[in-house]
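Under this note's numbering, the residues of the sequence shown are numbered 15 to 512, in order.
Be aware that a few hints might be false.
[Claimed, not checked] Each computed DSSO-like pair below joins lysine-lysine, with the alpha-carbon atoms no more than 30 Å apart: (1) Lys100 x Lys504; (2) Lys424 x Lys231; (3) Lys98 x Lys76; (4) Lys110 x Lys98; (5) Lys310 x Lys367; (6) Lys367 x Lys76; (7) Lys100 x Lys367; (8) Lys367 x Lys231; (9) Lys504 x Lys367; (10) Lys187 x Lys76; (11) Lys364 x Lys295.
Just so you know, the hints here were simulated from the structure itself, not pulled from any lab data.
Quantities reported herein were computed from a predicted structural model and do not represent experimental measurements.
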Amino acid sequence: MKQKPTYQVGKTPQEQTAAETPRTSAPGVQHQFWGTYGYWLGDPERRYGRLQSAQNIPAHTKLEMLRDPVIAMTMGFIGATLVKAKRVIECVDEPKRRFFEAMFRRWEQEFILQAAMAVALGSCGLIKRFAFERPQPSEIEAAPVWTAAATPYIVRGFDAVYPVGTSPKFDNKGREFLGIETQDGTVDVFYSLWLTLGQARAFGAYGGSGRLENVYKHWWIKNFGWDLYLVWLQKNANPAVKVEHPPGKDSAGKSHQAIALGTGDSLRSGATVAVPSSVYKMVDQLSGDERLAAVKKWTVEFLESSSRVGQFHEMENQCDDKIALGMLLPPQAIMDVTGGDLGGPTSADKLTKLAETLLLMDAADIDRHVNDYVFPAVERANFAPGSPRVRVRTVELEQDSRTMLFEIVKVLLGKMGADTGEFDLVEALRRLDLPVVAQDGGTGEDGGVGLEAAGHTSRIISVACPLCGHDGAERYDDHGGLCVCQGCGKTFDPVAWL
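Using the sequences and the hints, build the whole thing.
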């Protein structure tokens, strides 16, 4: 006869009945949202596409980029800066110049904003709107710009062409421009204006080279990071469950592993779980007796992510900074740019000057298209052959725009760790142990200009300041004869100005 075991299934060593497997009270719907959440993200390939070369960005992707808040802000600034730039109409024939200026000023702002899209995209198509109309001067009391009996044929403005599915049309040899191919058909060359910016950077391609190419990679990473952020939220809002189970089966022959998997799914669906408190047994190697271990047979644990939400925010902020600066400057421009020598320009000064130059280059490209493809048609229709040419030329950017550009570049460089502080001339003179005017504008006991640095001896001499013309300065013989003007307080070398 077989000996009866000292313990039974469902009994503890203390002969107490216990549940050997977890039991759950699950809601009616099992957890099945893990795959469903991805549906609400949509198709990333249709939203921002796969990462590819910046030289081959599809048109629909570029339009999506234009809707990025940072790109929209910088393009708004670029457009406003180009609109407010100072332009002049030049022609040796004054009546002809006034005629074209009256026509141009009417649609100048609208046209520049339309053309600014080529700054971002690299190229864009416009349709010229011609009309028989007398251009009116911008000044109300100015004399008429057209006195002939016939009504002139002028350009009243432009209509923008939707960029998706649009391209310039050429002859079979690819040399003669024949118009613009659109989704609705072909626009005749007479009415077509195809703006190409950065054509030299694109090695002659009529698609040009826009500023979106500079920021494409960081824009793509930003969007990809947002998708990863949503997946991270999903995992942390509904984390996975780890259920530890003993090997083998229960008394009904059901695998403990299957029970553990069902328990985890029920928990993620909002169930309440009752976990048995039974523990493993171990054999004492010295005495050979069985003892209860501290390790439970069944445990339940929610798995938490080791990453932190701040990492996603830091990535987004870094991409936004790179996008904003990249829309104003080529990415490689901020590499190895340092401040100048003592009293020289800072990094922000140098890069702001570069940004201004790039904007003026874009403005010159726009001017060239007007001079070569807009004005000539109006000239042929209204003026005799061989009459003096007329052209538009962007002279300079507005001072307010230049100041704002400097502040933007300085802030963006500062966020990237670059040294953009303004040069402190007084501090530089003090470090060189040269005489400087006191910061509080005070004067010394002898009535002369007070000095912040101590240990200097001076004498009053009669000499005209080369900066303000004031007669009278303090000469410091112990510093090579340098003088401090008593009028403006500036330091100068009288020998250098003799």
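Hints versus structure:
1. Lys100 x Lys504: violated (35 Å)
2. Lys424 x Lys231: holds (23 Å)
3. Lys98 x Lys76: holds (26 Å)
4. Lys110 x Lys98: holds (24 Å)
5. Lys310 x Lys367: Violated, at roughly 70 Å.
6. Lys367 x Lys76: Answer holds: Lys367 to Lys76 is near 27 Å, not above 30 Å.
7. Lys100 x Lys367: It holds: about 17 Å lies between the C-alpha atoms, which stays within 30 Å.
8. Lys367 x Lys231: With Cα atoms ~25 Å apart, Lys367 and Lys231 stay inside 30 Å; holds.
9. Lys504 x Lys367: Answer holds: Lys504 to Lys367 is near 27 Å, not above 30 Å.
10. Lys187 x Lys76: Holds. Lys187 to Lys76 sits at ~29 Å (cutoff 30 Å).
11. Lys364 x Lys295: Violated - the C-alpha atoms of Lys295 and Lys364 are around 75 Å apart, more than 30 Å.
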